[in-house]
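S.K.: The residues making up each chain are set out below.
Number of protein chains: 2
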Amino acid sequence: MRKGPLSGFTVVDLTRVLAGPYCTMLLAELGARVIKVEPPGRGDDARQYGPFIQGRPCYFGSINRDKESIALDLHEPGDREIFEAMLAKADMVVENFRPGVMERLGYGWETLHARYPKLIYVACSGYGHTGPSMMEPSYDMAIQAISGIMSITGTEDSEPSRVGISIADIGAGVYAATAANAAFVHRERTGEATKVDIAMLDCLVSMLENPITRYVMTGEIGRRRGSRHPSIMPFEAFRTSDSYIVLACGNDKIFKLLSGAIGQPELADDPRFRTNSDRVAHSDLLHDLIEAVVLNETTTHWLEIMQRAGVPAGPINNIEQALQHPQVAARNMLVDTVDPVIGPLKLVGNPLKIWGFEDPTSRRCAPDLDQDRESILAELGMG
Amino acid sequence: MRKGPLSGFTVVDLTRVLAGPYCTMLLAELGARVIKVEPPGRGDDARQYGPFIQGRPCYFGSINRDKESIALDLHEPGDREIFEAMLAKADMVVENFRPGVMERLGYGWETLHARYPKLIYVACSGYGHTGPSMMEPSYDMAIQAISGIMSITGTEDSEPSRVGISIADIGAGVYAATAANAAFVHRERTGEATKVDIAMLDCLVSMLENPITRYVMTGEIGRRRGSRHPSIMPFEAFRTSDSYIVLACGNDKIFKLLSGAIGQPELADDPRFRTNSDRVAHSDLLHDLIEAVVLNETTTHWLEIMQRAGVPAGPINNIEQALQHPQVAARNMLVDTVDPVIGPLKLVGNPLKIWGFEDPTSRRCAPDLDQDRESILAELGMG
Chain A
-10 MRKGPLSGFT
0 VVDLTRVLAG
10 PYCTMLLAEL
20 GARVIKVEPP
30 GRGDDARQYG
40 PFIQGRPCYF
50 GSINRDKESI
60 ALDLHEPGDR
70 EIFEAMLAKA
80 DMVVENFRPG
90 VMERLGYGWE
100 TLHARYPKLI
110 YVACSGYGHT
120 GPSMMEPSYD
130 MAIQAISGIM
140 SITGTEDSEP
150 SRVGISIADI
160 GAGVYAATAA
170 NAAFVHRERT
180 GEATKVDIAM
190 LDCLVSMLEN
200 PITRYVMTGE
210 IGRRRGSRHP
220 SIMPFEAFRT
230 SDSYIVLACG
240 NDKIFKLLSG
250 AIGQPELADD
260 PRFRTNSDRV
270 AHSDLLHDLI
280 EAVVLNETTT
290 HWLEIMQRAG
300 VPAGPINNIE
310 QALQHPQVAA
320 RNMLVDTVDP
330 VIGPLKLVGN
340 PLKIWGFEDP
350 TSRRCAPDLD
360 QDRESILAEL
370 GMG
Chain B
-10 MRKGPLSGFT
0 VVDLTRVLAG
10 PYCTMLLAEL
20 GARVIKVEPP
30 GRGDDARQYG
40 PFIQGRPCYF
50 GSINRDKESI
60 ALDLHEPGDR
70 EIFEAMLAKA
80 DMVVENFRPG
90 VMERLGYGWE
100 TLHARYPKLI
110 YVACSGYGHT
120 GPSMMEPSYD
130 MAIQAISGIM
140 SITGTEDSEP
150 SRVGISIADI
160 GAGVYAATAA
170 NAAFVHRERT
180 GEATKVDIAM
190 LDCLVSMLEN
200 PITRYVMTGE
210 IGRRRGSRHP
220 SIMPFEAFRT
230 SDSYIVLACG
240 NDKIFKLLSG
250 AIGQPELADD
260 PRFRTNSDRV
270 AHSDLLHDLI
280 EAVVLNETTT
290 HWLEIMQRAG
300 VPAGPINNIE
310 QALQHPQVAA
320 RNMLVDTVDP
330 VIGPLKLVGN
340 PLKIWGFEDP
350 TSRRCAPDLD
360 QDRESILAEL
370 GMG
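Line by line, the protein sequences are chains A and B.
Under the working numbering, read the first sequence as residues -10 to 372, first letter to last.
Under the working numbering, read the second sequence as residues -10 to 372, first letter to last.
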């Protein structure tokens, strides 16, 4: 563990797949010790997800770095004893089972809270621990579909698209980390431990606040609009002579800069385009006018011009190109680890930059199943 | 303010548009008092973004509820005096200016930290406060393009698509809230205030951990695949007789349940589909085999069958349909407010559910510019 705001705190981590493990990865980045408790035999489901390099699961490795692993069968008395000894010394337990699983194991919030009053309980599930759908099974893709986010992602005439990442899982993981930290604040201030109950669907509803507000206020149901923003213009992709450029004019001043940069200063004075509302009302026309100019030169050409003019702009990078952005290295967003089988590897770094704490350039590799059993047992005096 | 883990803490909020205001909205949901400091005249840029109902900006209203507003010109000595009196009593300042703006105002981290040693500083920017690109202007759309997320969102043959929400802004807002809470934890434990430095690009890189890991480990550059997940199968949309259904089989057991549910139990024993890796290797074939069955009945029909079978599934809801999901009401994810001009309105609720704290069904409407000036000045003895 390294020094961070959560240094000295221990998190017992029952999570699997993505939302929970992403949450506990962030807690580890903040300095907490995270001990993964996995079922014996196969461990976390994500150990079965590819791609595999020399038999090592990359998906699992990426978000479980800097964690310890112990395999415990929570139906088996001896293992339960170990688990309970771990809980007695822990500050937080995190789980992303379906609601009811912890209760059936005898480890529901009420039971744990009575027995370990300082232990914070963080639950992450598809629908939350209340409400009529709480017991329904869920995965990221189902929640993406149900939440409405797929209905506004992609182009009108294409097949349905997911967000390119597992936004329901990753999102829930970050909100869970936010609430987990808030629960730590509360415990520090009052001594009281609480239960955090994060639902993937709630998180996506919150992320969808803009299209939801639009619907609630105007009755307008959002639709798939490609790269176009529903309330800001120009704020979208334009074709260039060799690919695309995204231009993002968040206010009238930037639109004026853009108009100058493309040699059409009169656009900023045109009554159809004077304010953002005017531009949104004439977005097709304005799109065509801008594209007619930018289509004549390359993306690189326009990026240089936009940079000089101070217009927020970007190329549509692929993943390889994105990683070459100078900020990725400068901000330490790719870090090193050494896998015992594969050797040196790169992992994604820590987005939670807090000055005064180190932001190390390497991480301990994700654990093999049960890798830390002996040291954990020895520490508990159960070795 | 209501009771929450951050009750009693005051946040001085210089943020505008989306990432910063979304962060401080979450802090308000956790119980902090948030005082928005806006430039006189036009205030937060987002006050100019539509849609407007009876002249009221919906975009702004949605994420600025439960905040106070005071208009201060930070270049003007009298207003600076008020601002400094506010900082002296505050626990945190949050800003999402371009790096350097706070320094030019004489309110950079070093200055503030020396003068107000307990004041936590949270900065949210496009590229962060370090690195070669730190001074570049940015907005959500530019960062979506640069980060690579647009390159994997949408279908292969369609025009480029943004994620249907402002994922770079909202994402940065949540990570900033996570780090802000961690900074509160640290201050509670040590008395020491820190600077949080959140970059939209860092946050998207972190959210992209899966495609980045895949690229780093295998050299495979992610591409747009519609609704298909790159490493889990079946985990995508299928056409039904009247629309689509998303099926999400996260493990072999669920795939077996699905095979039974569609009357094709032999699929689970087929060596081409036995494990997730097998299914990913034969994903086109498996997609066609499943779709050939589900195409014969409606989405509603299959949703009932999947629910009985325990297979995570969902319809591709639009925003209106999503809000009708029984969990949205049950989880209090739509709350009431009363706008002084429009009247009663709905807003998105709080995804950070922490048991033991109330989860109220109403919010104070977003403030008019400078609405709380008098009460704030009176409190500071400057009225």
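In case anyone wonders, no lab produced these hints; they're calculated from the structure.
Errors might be hidden in some of the hints.
You can't tell identical chains apart in this list, so a pair holds if it fits in one copy or across any two.
Claimed, not checked - The calculated SDA-like cross-link candidates involving lysine to any residue, where the alpha carbons are at most 25 angstroms apart (straight line), are:
1. Lys(-8) - Ala103
2. Lys242 - Arg45
3. Lys245 - Gly39
4. Lys(-8) - Lys107
5. Lys78 - Met371
6. Lys335 - Ser266
7. Lys107 - Gly180
8. Lys335 - Ser272
9. Lys335 - Val205
10. Lys245 - Ala319
S.K.: When the structure is checked against the list of hints, which entries are broken? Sort them ascending.
M.R.: Per hint list: 8, 10 violated.
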